[in-house]
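Starting from the structure of chain P, add chain W where the hints point.
Chains as they are written, first to last, in the working numbering: chain P, 1 to 112; chain W, 113 to 449.
Think of the hints as simulated: they come from the structure by calculation, not from any bench.
Every value quoted in this text rests on a predicted model; they were computed, and no experiment measured them.
Here a beta-carbon is modelled for each residue, glycine too, at the ideal position from N, C-alpha and C.
Warning: the hint list may mix true and false statements.
[What the hints assert, rightly or not] Pair by pair, the computed Cβ-Cβ distance ranges are:
no., chain 1, residue 1, chain 2, residue 2, range
1, P, H8, W, R253, 11 to 21 Å
2, P, H8, W, G205, 22 to 32 Å
3, P, I51, W, L115, 48 to 58 Å
4, W, F211, P, H8, 14 to 24 Å
5, P, I111, W, L203, 20 to 30 Å
6, P, I111, W, R253, 40 to 50 Å
7, P, I51, W, L233, 45 to 55 Å
8, P, N109, W, Q131, 48 to 58 Å
9, W, R273, P, S29, 47 to 57 Å
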Amino acid sequence: MSQSNGNHDLFENLRLELRRGCLSLAVLSQLRTERYGYTLRKALAEQGLEIDEGTLYPLLRRLESQGLLTSAWREEEKRNKRFYRLSPEGKLMLKQLGAEWQRINSSLNGIL
Amino acid sequence: MELLDRYLQAIEFWLPKRQRQDIIAELSEDLRSQIEDKETELGRKLEDAEVEAVLKRCGSPLAVASRYRSQQYLIGPTLFPIYRFVLAVSLIGCVVPRFLIWIAFLLVDPAHRGYLHMENLWATVLYFAFFTTLIFAILERSGVKLQGLDTWSPRKLPPVRDPNRISRFGSLFEIAAAVVFNVWFVSIFWPGPAIDFYGVRITIAPVWQVFFWSFLFLAAANVAIAVVNLFRPYWTPRRASLRLLFDGIGAGLFCGLLKAHLLVGISASSIPAAKAIELTNLINTWIARMLPWAIVTMLVMLSFDVYRIIRLRCVHLPGSSIGPAVKDLSSPMVNGN
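Pulled out of the complex, with its shape left as it was, chain W reads as follows:
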């Protein structure tokens, strides 16, 4: 019976402490009864191989012991989808922008990519994953009830999303913001040899004229699109392409502006001349260093524009699963306006 005792000892190790003796006594009784019945049937003692077969049929010690424990999990099935979503968003938010900016620095300004410390990225990812898991495990353990789990109602659920619909509030906000910003932009940055800005005289390179009029034209174009969006609140392929074109031009102009070393000089009664030169160079350098960040931001913005066009085009393909089906046939998108 040595094999049986070893088997029971192995099971005992994994059992809950309070029930150990009780469970082992009962299991031992069952297995001994099985062995004795076989011995009676065969009329002899069982050999080790036969006892081994009985025990193997019973299952591995860990598997047998696990059946006596209630099912345990770190994060339960209710919280798990939220945990997975939060983890994915935090990890993507942590890794992707950093990686894109690192690539942009490599391409545009390799000398200054060092301060992004890519080697720390994995440590950051681990911290994010660890703390997210820890917080959710504590929530699970403390039995926190999710708000709305019991009090939900179909009426409180968000309306069905139509990604091609443009929010009227968004269009109005865009128009208002553009008007306010452009009035301020024109009043302060009207092209000339110098700009007086709160007592500081800023001398700007002549190339600023090109940027100024281009930005003004773009702003007018974007306001025009926003006005059309306000009255026809569905994206159409044509309008989405125009938005991509204007955003592309704007992105190119903005990146060019950062590299143009526009600032020629600063003068103010309170700043000594040498200090003003130093400050001018410093500002130009830091503006140029923003280029990789700007490139990434612009690329993200343009990729949204491109995705919008792809989605709109796919809606018209038979059997396409991208984007929702056009439900409202009276919407301008169908007419291609």
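Isolated chain P, as found in the complex:
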């Protein structure tokens, strides 16, 4: 029982590690068009990539502080929302990371 729990915890840790790098790429790719946090989460979830708010918003801030995103507060449906989109550096980074992802993916497909 405890070994099964240990395996489950280990799997969860490794799964989170695997997801962590992919999430940045996924978020960058979805911000080619301007979105605010909640719609971004919904867009990712619709494509099978659930991401909770506690992970998404710190990630958005980090990407913005790295100069890959720009953001602006704007009123929509009578509520203030923060809209994000790719900066020019973000577009370049997305292109590079996309190519890297394709390379890793094809290598792993061969390995697995």
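Then chain W, alone, in the frame of chain P:
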């Protein structure tokens, strides 16, 4: 929405001050959107239990707030192994000798164990731990770059250690030191009823003869071992056992010497007779009080000798992980010399 406001307030407390309002506004917008979507789906207002479920899924306030902070540590992963090593060495160096000497005093001279103040030991340990941690935290904070971290080269790394190899320099030093010391020892302490030492006449008990010749024999034996070590610089079980035997005899003799009250009298033209007697007793007492310290030192030395023998024996056991494998089959250790 009271639950939501309480939740946001709890998160706000742990957030970095500059970003508080911004983060709370954004998070609040997200959570309100989630609740509204659910309400639209159900066609009614959410009950408190349902709002609670939404917030619980989001995570505890502290966990949520912590994700907005950059990872912080008192001592980072580069310095941490050095910190742990320094802490372990300082604590072992602080606790073990004191504890061993306290035990030795308890066994040999319980009346004088008081001045070691064992009750202060924990305070000493805490001081050591505190100041070591403080120094490393300051180093981490000041961003001091470790020398050699960027300029290292495999060529500058220390050579592979072979614990069974005896340094030739060490053997030469041992021989030279033994010769110098023994010449001095024989010239000053040649057994007789008295020793003249820089104008002071020291009368020694007759039992000194036993100690003198024993020490001289031991010194000769140790020089012989050092000479063999010089030409065959690998420990062998036989040589290591001899070293243990001679060190054991030496330790026993030295401890016996401390308890023997060897000093019978001191006389010098400048010292009055009564003062000389008082001085003799004082020196004998203080020599005897060194016994617990000597026992600990000898035990440490003998434990090194014993460990050396165990290591040598384990090298020959199949599957043993103690000690390095014998790489040089031509070394005398393999031949048992």
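Here is what the structure says about each hint:
{"no.": "1", "hint": "H8/P to R253/W: 11 to 21 Å", "result": "39 Å, violated"}
{"no.": "2", "hint": "H8/P to G205/W: 22 to 32 Å", "result": "44 Å, violated"}
{"no.": "3", "hint": "I51/P to L115/W: 48 to 58 Å", "result": "23 Å, violated"}
{"no.": "4", "hint": "F211/W to H8/P: 14 to 24 Å", "result": "45 Å, violated"}
{"no.": "5", "hint": "I111/P to L203/W: 20 to 30 Å", "result": "47 Å, violated"}
{"no.": "6", "hint": "I111/P to R253/W: 40 to 50 Å", "result": "43 Å, holds"}
{"no.": "7", "hint": "I51/P to L233/W: 45 to 55 Å", "result": "53 Å, holds"}
{"no.": "8", "hint": "N109/P to Q131/W: 48 to 58 Å", "result": "41 Å, violated"}
{"no.": "9", "hint": "R273/W to S29/P: 47 to 57 Å", "result": "53 Å, holds"}
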